[in-house]
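Colleague: What follows is each chain in one-letter form.
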Amino acid sequence: MRWVWVFVVVLSSTAGDVFSAKGMSERGEIQDFRPGGIVRVFHYIATHPMVIAGVITNAASFLSFLALLSVAQLSFAVPATALSYILKTLLARLYLHEHVDRRRWLGVALVSAGIVLISF
Amino acid sequence: MKNAVFVALIVLGNTFGNTFLAISMSQLPGFFAVSLFSYVVALLTNPWFLSGTFLIALSMFAQLSMYTWADLSYILPVTASGYVVTTVFGRFFLNESVSISRWIGVVIIAFGVVLVAETRADTKHLEGVNE
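Chains as they are written, first to last, in our numbering: chain A, 1 to 120; chain B, 1 to 131.
Check before you lean on any hint, since a few could be wrong.
Computed spacing ranges between beta-carbons, pair by pair [what the hints assert, rightly or not]: (1) Phe42(A) <-> Asn3(B): 32 to 40 Å; (2) Phe93(B) <-> Arg34(A): 30 to 38 Å; (3) Val39(A) <-> Asn3(B): 19 to 27 Å; (4) Trp103(B) <-> Ala67(A): 26 to 34 Å.
I should point out that these hints are in silico values taken from the structure, not numbers from a laboratory.
Every residue gets a Cβ at the ideal spot worked out from N, C-alpha and C, and that includes glycine.
Build the full structure now, drawing on both the sequences and the hints.
Modeller: Here is the structure:
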């Protein structure tokens, strides 16, 4: 059962970040941080379908992580979900067309390995 | 500079937001010990709960904003510095005990963060760089 929840957490958290990044990157770089500018960013977030999908799937990922914690210990849940870093980076390359060079891959691999270690 | 400010907002907002929420939970009555109404009143009048919620919302807003100019494959590993902050904060301010394997994990994460932080934050608008 716990691996089913790991699967749900990894998928929903990946979808959440990838959709959010896709939707937000279609907007130009935010330059204006005065109150009016911030209100416009809020409006963009609340009305862009891809960003809304991202926020909802991220909320689902948070709830499914709580569900995972009800059937597994934190020392299992945290390293198991570290897998999502690899999947998100893969999709950043294939779907968002980011240039993930060797240095970035090495960084992501170190971060994932580190997350696995900190739970023991 | 803009990158450093936003990474700090994302990481510190999330770390301290979670810490404040944990403090608020220890001050609240048990969920089943009181009526739902008095539980919600206790929640909405607890300063730790309110400031924790504000910090987490700030962190999420900063992360969404940063996607408008920085790569997902840059933001993700760089904000993993939160694990380093949480451990150091837990050890030196909350006096938690930290195992050797946790310190090793934190050092490995820190190496990963620095490696990625030194790459360009935005590669989507470059032409002809993809292999």
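Colleague: Hint by hint, which ones does this structure get wrong, listed from lowest number up?
Modeller: Hint check: 1 fails alone, others pass.
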